[in-house]
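In the order they appear, the protein sequences are chains F and G.
Under this note's numbering, the first residue of the first sequence carries the number 78, and numbering increases by one thereafter.
Under this note's numbering, the first residue of the second sequence carries the number 1275, and numbering increases by one thereafter.
Check before you lean on any hint, since a few could be wrong.
These stretches of chain F come out as covered by chain G in the derived footprint (C-beta under 8 Å, 3 or more residues) [said to hold, decoys possible]: (1) 253-266; (2) 433-443.
BS3-like mimics (lysine-lysine), calculated; alpha carbons at most 30 Å apart, straight line [claimed, not checked]: (3) 390/F x 1333/G; (4) 451/F x 1333/G; (5) 413/F x 1333/G; (6) 1440/G x 1333/G.
What the hints contain is simulated information worked out from the structure, not anything from laboratory work.
Here a beta-carbon is modelled for each residue, glycine too, at the ideal position from N, C-alpha and C.
Listed below are the residues making up each chain.
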Amino acid sequence: MTRRTGMEIAFAAAEAVALCKPDVVAAYPITPNTHIPEHLSDIVADGRIDADFICVESEHSALSACCGASAAGARTFTATSSQGLLFMAEVMPIVSAMRLPVVMAIGNRALSAPINIWNDHSDIMSQRDTGWISVFASNGQEVVDMVIQGFKIAEHRDVLLPLNINLDGFQLTHVVEPMLFPDQEEVERFLPEYKPYATVHPDRVVSMGTLGMPEIFNEAMKAKDMGLINSKKVILEVWREWEEQFGRKHEPIEAYRTEGANVLLLTVGSMGETAEVAIDELRDRKMPAGLLKLKLWRPFPLEELRKAVKGAKVLAVMDRAVSCGGSAGPVCAEVKSALYGEPGCPVIVNYIIGLGGRDVTAEDFIQIVEKAAKADKEKPKEAYEIYGVRGS
Amino acid sequence: MLEIRWHGRGGQGAVTSVEMLALAAIGEGKHAQGFPSFGPERKGAPVAAFNRIDDKRIKVRSHIYTPDVVVVLDSSLVGLVDVTEGLKDDGILIVNTAKAAKQLKEEMNFKGTVATVDATRIARDELGVPITNTTMLGALIKVLKVVKLDSVEAPLEHKFGRIAQKNMAALKRAYEEVKIS
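All chains, full assembly: derive it from the sequences and hints.
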C-alpha cells in the first residue's frame, strides 16, 4: 500500500533506492547530496537491504567501483554533486559506452570558484554529452518516482545505459515535505529483477571497454548515440506503466496553463514549481502566459518541444548554468537548435537565473515574462541575460 | 498559507524544530515544507530555518521574506539579528525570554502579537541542557494552534528515541506557560 510520509527529500531518495534493492552502493560524500549515501549506509548497516556499501576515497573511485560492480551484473547506485561529479568525469563516458545501467542521483550544485555549495546546474551541464540518460525532478515526489523508474529504464534490455536523476541542491535535497512511497510489493511488481545482458566473470570471459581503433570508433559512437536516442521509446513506455500502476503522470515536457499563451516560460528542475505560482498570478491578471517544464534532458525530446511551443509568440528559456563565451545557456542552445527552421518558431529569449543558490522568486518570473513579452516587437540586444546581476 | 521563520544559533536545533513541525502537519494530512537557511552553519552563529504549512500542495520554493510568524530560540539574538525583518504587521513573534510578553512588545515596538516563554529554564529543568528547539515548538503550537499537541509525539519519538519523552515534557510545559500579549 502507498504510504504518505514527510521526509527530507535526500532521505526519501535513499529510501526509494532501498525499495529497488540495489546490490552495490559506492559513494563519497559532498554537499548537498551527502544525506543520500549517508542514509543508504544506515539502511545497509541496519540490514534492511542486502547490499554492499563501498566506502571509497573519492568520487572517481565511487563511479569506478560502480562501473566494475555493474559490469559484474550488480544493480548499482551512486550519488554526488558539483566538483564530485567533475571528479567522476573520466569514468562517465566509459560507463555509458560499456552500456552499464548505473543509476546516480545528482544533488545539483554550482562549480567552484568562488567556492559555493548552493544550487545551479553547472555540474550536470558539464557532463551533458557523456551518453547518460538525464532527468530533472521538480519536487520530492518526482525524485522518489524517478529513482524507481530509473532502474527500470536503465536496465531495460533495449536501453542498458546509465541514468542520472537531477535534484536541486538544498532547494530539494534539504527540504522536508510529504511524499507518497509505494510499498516493497508494489515496487517489485513494477521493477523486474535485473538480468544483465553480459557480465564479467572469471569462468565466462568477456571483454568490455576494449581498445577501439579508428576503423571502429565512428561505429562505436554511432551505436552509443543510437542507444541513447532509442531509449526514449522505453522511457515513455516506463512512464506510461508508472501512471497505470501509481496514477502519477510523467512527460518529457510538462505543460502548465499553456492554452492560448503568447509567452511561454521554459524551466528545468525545481524552479518550475515556483514558476507555476507566477503563471497563476499572470493568468489572474489576464496575461496569456504559460509554462513548459523540461523533465527529460537526455535524450532531448525534440518532437515534444516542437509541438509544445506551437502558437506561442515568445519562448523565454531559463538556464541555471552559464556556457561561458557561448551563444546561449546550455538549455537554450539546445532549444534553439531544436527549433531552427521550424515554421512559426517563436522568438526565443534566454535568461540565466538562480546561479550558486541565488534565490528565484515568483516575482522574478513575472518580471521576466513581462520583459520577454516585448521581445517579438523589439529583439533584445544581448543573446542572453544573466538575470539580476547587481551593478550592471 | 502560513510562513514561519525560526531564529536560533548553530547547534540549538532550529532545523530540528522545522522538521518536527513539518512532520506533525504532514501527519495530520496537511501540506508542509521545512528547510534550513542553506547557509554554511557554524556552532553558535545566528542561523534561520523555515516552515510553510497549507491545506493544499505548496508549490513555491523560494526563500521566505515576509513571514506570518517568527520564533526566536535564543533571546540574545534580539537586537543582534533583525528578527522582525519582513514580519507582517499583524504577524506573531514568539520569543524565548524570561521577560513578560507585554514588556518585550513595548521594547521592540512591534504592533502584532508577542508571546514569550522562559524556554531556557524549562529546557534546563526537563532536559538538563539549554537546548530550546522542542520546548519552543510547544509555545508555537499553543499560540498558532496549527497542529495538535499529540501530532508531534510520533516525529519526536522517531527523532529522539529514548529522550523523546523528556522533550515532550518540555514541549508541554512551554505549551502551558507561554504568555501572549
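Now the hints, each set against the structure:
1. 253-266: holds (count 3)
2. 433-443: As far as the segment 433-443 of chain F goes, the hint holds, because 5 residues have Cβ atoms under 8 Å from chain G.
3. 390/F x 1333/G: Distance ~27 Å between residue 390/F and residue 1333/G Cα, so the pair holds.
4. 451/F x 1333/G: holds, 27 Å
5. 413/F x 1333/G: holds, 29 Å
6. 1440/G x 1333/G: violated, 35 Å
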